[in-house]
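*Asks:* Start from the sequences and build out the full structure, keeping to the hints where you can.
To convert, count from 1 in the sequence shown and add 23; that's this note's numbering.
Since the hints were derived computationally from the structure, they do not count as laboratory data.
Glycine included, C-beta positions come from ideal geometry on N, C-alpha and C.
Each pair of labels, with its calculated beta carbon distance range:
hint, residue 1, residue 2, range
1, 103, 51, 15 to 21 Å
2, 51, 125, 26 to 32 Å
3, 127, 69, 26 to 32 Å
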Amino acid sequence: MARVIKQVEDNIVNSIIGEGSEFKGEFTINGLLRIDGKFKGTIETDGKVLIGKSGEANTDIKARVVVIGGAVRGNIFALERVIMLSTGQMYGNIITPSLVMEDGVFFDGNCVINKKPETENS
24 MARVIKQVED
34 NIVNSIIGEG
44 SEFKGEFTIN
54 GLLRIDGKFK
64 GTIETDGKVL
74 IGKSGEANTD
84 IKARVVVIGG
94 AVRGNIFALE
104 RVIMLSTGQM
114 YGNIITPSLV
124 MEDGVFFDGN
134 CVINKKPETE
144 NS
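*Replies:* This is the structure in structure tokens:
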């Protein structure tokens with residue numbers, strides 16, 4: 024039941040920086056942030072960050088899941104996964120337990136795949 028609720032929450036957009044818009048600063052949110060415009064600053068969320076095809080982000084991102092369809096310049100720390108779509112461009116470093124890259128991605132940086140810590144069964 025909790026997994027179904029989390030999947031529904033992942034699809035609810037909490038905040039949007041729309042195409043043609045520009046935002047500078049620190050973004051701390053709960054839920055999903057979608058960037059289709061330009062963003063410069065830092066992003067921190069326990070949810071998902073989606074950079075759309077027209078999105079440009081000059082930022083460091085801390086999130087559970089990051090999906091890159093546009094251009095990102097900065098570093099990404101994802102607790103669960105990073106997904107790079109075929110239109111994605113990444114200039115920076117990624118630290119995550121899981122990385123998915125479609126054919127056609129541009130990636131200039133380093134990546135560290137860090138396994139999730141194993142939990143002890145009591």
